[in-house]
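Asker: Here is what each chain is made of, one letter per residue.
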Amino acid sequence: MAPTTCTIRLTVNGQPHVAKVEPRRLLVDFLREDLGLVGTHIGCEHGVCGTCTVLLNGASIRSCITLAVQADGADISTVEGLARGGELHPLQDEFSAKQGLQCGYCTPGMLMRACEILAENPDPTPEQVRSAIASNLCRCTGYQFIIEAVISAAARMRAPAATEEVVS
Amino acid sequence: MTTTGHAGAPPVRDHSAKRRWVGQSIRRVEDPKFLLGRGGYIADRITPGTLHAAVLRSPHPHARILRIETAQALASPGVHAVITGQEAAELCDPMPDFGPDPARHTWRCLAADKVRYVGEGVAVVVADSRYLAEDALELIEVEYEPLPAVTDPERALADGSPLVHEALESNCAYERSFDFGDVERDFAEADVVVRDRLRWHRSGGQPLETVGAIAEYEPGTGSFTIDTNTLSFTSYLFMAAATLKVPANKLDIRPVPAGGSFGSKLFANKPAVIAGMCARKTGRRVAYLEDRADNIANCDHHGSDRVYEVELAMMRDGTMRSIKIDVIDDYGAYIQFGVGHHGNALAQVVGPYTIGSVRYRVRAALTNKNQQGAYRGFGSEVNNWMLEQMVDKAARELGLDPVAVRRKNFIREFPHFIPTGNVYDSGDYERVLDHALELADYGHWRAEQRRLREQEGRYIGIGVITAQERSVFSATEFWFWFDEPGAPVTSTPESVSLKVDATGGITAILYSCAFWGNSPETMVAQLVAEEFDCSPYDVSVVYHGSRDGLPATGPGGSRTTVMLAGAVEGAAGKIKEKARRAAAHLLEIDPDDMEWSDGGFQVRGDPERKKSLAEIAVMLHLFKHSFPEDMESGLDASKVFDHPYTTMPSADRKDLGVFYPFVGHACHVPVVEVDTETGVVTFLHYAAVHDCGTLVNPRSLAGHIVGGTAQGIGTALYEEFVYDEDGQLLSSSFMDYLIPTAMEVPELTIGHVETPSPYTPHGIKGGGEGGRMMAPAAINAAVNDALAPLGVRLTELPMTPERILAALRAAGTTG
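In order, the protein sequence lines correspond to chains A and B.
Note that the numbering used here numbers the first sequence so that position 37 is 37, with each residue one more than the last.
Note that the numbering used here numbers the second sequence so that position 420 is 420, with each residue one more than the last.
So that you can see chain A by itself, here it is in the shape it has in the complex (with noise of 0.2 Å):
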C-alpha cells in the first residue's frame, strides 16, 4: 500500500517548489533529500542544538521537529540562500574573519539565527547576541569568536554604502 501524501506548496530562498510529501516527513529531510539542500544540518533530532535551524517566514525554527508539512505556503530561507551573486553574506564573511567556525557543522544553522537577531535588532550588543544565541549549540568555538563576528557583521550590515566604499 502506497503511503498517504500530500501536495505542499513553498517558496525556499525565494524559489517556489511543489512537492508531494509523507505527512510524516520532516522539514530537514524535505530540504536535504527532496530538493538537495544540504547545508541544513542535522544535529540532535529533537529540538534542543538548533543546528537544523531555518527561517520560516523570517522566523527561526528547527527543521528537525518540524514537518514539511507544516511548511506549505510558506517562504523558508536556508543557508544556500545568504550568499549573492558569489559574494559571501557579510554574516558568513566575517564567521571566515573572526574565526567563528571550527567544523562548520552548526555553522549554517548558527548564521540562520543570527539573520534573524540582525533583522529584529541591526544593533545588539555583545551580551544580547550572547544571550540570543544561546538557542543554537556550538560544540567547537565557546561562542566567542561567533559572538565577535555577528557584531561585526552588524556593523558592516548597518552601514552597507561605508562598506562599499572601503571595498572600492
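It is possible that some hints are incorrect.
[Claimed, not checked] What follows is a list of derived Cβ distance ranges for each label pair:
1) R158(A) - H6(B): 41 to 47 Å
2) G85(A) - A447(B): 55 to 61 Å
3) N57(A) - D44(B): 25 to 31 Å
4) R9(A) - G49(B): 25 to 31 Å
5) R453(B) - A159(A): 43 to 49 Å
6) I65(A) - G222(B): 55 to 61 Å
7) A155(A) - V542(B): 33 to 39 Å
8) D72(A) - M735(B): 25 to 31 Å
9) S633(B) - I65(A): 56 to 62 Å
10) R158(A) - D724(B): 48 to 54 Å
Because the hints were derived from the structure by calculation, they are not lab data.
Idealized CB from N, CA, C, for every residue including glycine.
We have chain A already, so just place chain B on it with the hints.
Answerer: Frame of chain A, contents of chain B only:
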C-alpha cells in the same frame, strides 16, 4: 646542530630563521565551503538509490538474547535485509580491539549472545529510507532474559558481582601497580601526607554531527569503498579489514569532513563495519548514520569514569615529595583502547612540579555501560584535575598560599625527565603563571572576594591551576602496560606528499588525516607557504583514502600539526633539492652555489640570476630532456615523518621511556560565584594562558582554547552520562545531557606564551586539547575556593547544583 646528550633525543633545532606565514592568524582555508553549506559531510553524500541502515538498540543493561524474530520486519515495505547479532558474527569478525585480552572481552559490531549495556545494537535493518528502516525496527521481536547489572566500578570489582564477560572470570580487565622512583623513602621522609578520595564521572565529546559511513562492496573485485567521518589509519587499516574479512588492500576508507570529533571519532569503526556488512549483504550502497540516541548510548566513546584514592607526601614548607595514586577506571562493557588513557596520565603525572617519585596503581573495571573511547585529553585531563585538587588541599592543610606552593615546586630546567621516564622538552611555567595572574587581575579579585563576602555575604572563588598539556603521542603507551610482548619502539608516523604541477601550483596530500574541526588544511597551507613563499590560499589540500596510502596515524593526542610540520618539511626539502639541481642545470652553475630565495632558486647573492619554482616546474614536467639522464620528469616528493622522539621502556617498567615528549603548559584562572541557596555556579571572569610552543595560527589556537574550555565547563558543571543502579541510561538526549550554551560559557581573556620545542619544526607543540585539559581542574578549584569559608570542598565532577547543595548540607551549611 647540537644534541642534548640524552639517549634517543633528536638534534636540537635552530629556530632563529624569520617566519613569514607560521605565526600569522590568517583566515582558515577550510572555511568557505562550510559557510556556503557545502561542507560535504557524510550525510551530504547520500546519492539516490542509497539504502539506509538503522540499528535496534537494547533496552536492557544486561540480558541474554534468547530469540530474535525478524520475519515481520523483513516483510515490511522497502526493507532489503535484517541482520541479527548472530548473523553479524558470521559475516564479520570481532571489532578491532587494543584491549588487554580481546578473546575474553570480545567486542562485536552487534551483540551476538548477550547485551551488556543499554543501547547496545542487537540487529540492523536495511531499507529504502531511514523512515522505512525505523518502521521495520519496531517489528523485530527480541526475547531477552534479563541479568543483574553492575554500574558501579567498585562494586564491579568486588566478589559476587555480576560478570560482564563470563570468559574473563572477573570484571577486572587490567590491574598493575607501578613504582617510579623511591616512593617509600620519600613518604618516610615527608612531614605530612595529604589524602583524598576523588570521583570523576563520565562525559563525552558529543559532536553535533554523529558518526556515519556509506559503504559499497564490489563483488567483482572483492573490495570495499567506505566513506566515513572517522579516521582511516593507514597504519592500522588491516585491523578494520580483518573485521570485514577482506585483505587490507581491498578496503578503501575515504575520510570526509567531520562535524566535530573531540576524540570521539577516533577509530570509530563500528558504523563503517555495519555499513560495510550491510552493503555486502544487499549488494547495494548502504548508509549507516548514527542518530543522536545511538551516538549517546552506543558510540563507544564515553570519557574517563574514575575513582581516585590519592596520597601526596609534603614537607611543611610546601615542597612536594611523592605521590601515591590508586585509580579505578570504569571502562564500561568493553575496553577497545586498553588503559592507554592512563598512559596519557603517566606522561605528565607529576604536572609541572618536581615531585620525585610516583606510585601508580590502576584497575580497569568492566561494567554495564557503553565503553570508553577518546575524549579531548584522553585521560590526562583527569590526572590534571586530580593533581591540582591535591595541591590545593595540601596548601589548605599546611596553611600555605596555593599559588606560592605551585611556584615553589615548578620545574625550571629543561629538558626534564619526570619519574615515569617521559620528558618535558621545554617550558617557562613561572612566566605563564605571572601572565595569567596579570590577565586575571588576581589582586583585584582577591580584594573583591573579601569585600563581597564581608559586605554582601556572597561566595566568590578564584581558581588557579597550573598544569601540563602533553602532545604527540608515541603508541608505546598502548603496550608498555605488559611485560610481553616486548615490542620495539613504535614509530607512529605521519605522511605528506607534495606535488608541484607544471605551473608551480602545489597540492599537499594528507594520509589518515581527517578534517575534524581542527584545521589541517590551514596548518599545511601555512607550512607549505612558509617553505615555498607562496600564498597559503594557493595550496590545494587533498585527503587521501586508506588504501595505497602512506603510513600515517592521523589526529589524536594533539599530534597533527607537529607531525604534519615534520612531513611537510621533509617533503619540501626533497622537492627543493631536485629544484636546486634543476635550476643550477638551467643556469649552468654548481648546485652548491644556488640558494632558495623568495619563491625560487637564485645564484647565491644574485637575484638577477634566478629560476622561480614555476619556471623550474614547467621545465621538469614538460622538458625532461633538458636535464641530466638521472633526473626524472615531474616535481613531487613524499615524506613519512616518524615520531621524532620516543624511546624504549625498561624491561621492568620502572622507566616507561619517552612517549609524549612535547609538553605544553597552561594556567587557568576562573573567578566564579557560587549561589549557596541554589547550588548554581556563575562565572565572573576567566583568564587562560597557554604555552604550546611556537604558534602556527594564534587565532586558531585561541579558538581551541575557548572551545576546549567550554567543554571543560561542561565536564566540570553539567555533562554526565548518568546510569542508574539498574543500568538504565538517564541522560539519553540533549534534554538531559547538558551541553553548555553561550550563556554558560564566559568570555575568556586569553594569553599566549611561546616556548619553542627544541625538537620540532619551528618549535611547534600540539595544542588542540589544552582548554579541556585545564578547565575542569580550574573550575573545581574556584568552587572550592568560594566555599572554603564554609569548610566545603567538592571532590566529585560534574559539580551539579544537587552535588553542591549536598556538600553544603553535609558540612552543616543550609543549602
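Asker: Lying within 43 to 49 Å: is that true of the beta-carbon distance R453(B) to A159(A)?
Answerer: 47 Å Cβ-Cβ, so the 43 to 49 Å window holds.
Asker: Could you tell me whether the CB distance from R158(A) to D724(B) stays inside 48 to 54 Å?
Answerer: Holds: the Cβ-Cβ distance is about 53 Å, inside 48 to 54 Å.
Asker: Does the hinted range 25 to 31 Å hold for D72(A) and M735(B) at CB?
Answerer: holds, 29 Å
Asker: Do G85(A) and A447(B) keep their Cβ atoms within the hinted range of 55 to 61 Å?
Answerer: holds, 56 Å
Asker: Please test the hint of 56 to 62 Å on the beta carbon pair from S633(B) and I65(A).
Answerer: For S633(B) and I65(A) the Cβ distance comes to about 58 Å; the hint holds.
Asker: That 33 to 39 Å hint for A155(A) and V542(B) (C-beta), does it hold up?
Answerer: holds, 37 Å
Asker: Check the following: the C-beta atoms of N57(A) and D44(B) are separated by a distance inside 25 to 31 Å.
Answerer: holds, 26 Å
Asker: Quick check: does the Cβ-Cβ distance between R9(A) and G49(B) fall within 25 to 31 Å?
Answerer: holds, 28 Å
Asker: Evaluate the given range 41 to 47 Å for the C-beta pair formed by R158(A) and H6(B).
Answerer: violated, 60 Å
Asker: For the range 55 to 61 Å, tell me whether the beta carbons of I65(A) and G222(B) fit it or not.
Answerer: violated, 43 Å
When held up to the earlier numbered hints, the structure conflicts with 1 and 6 and fits the remainder.
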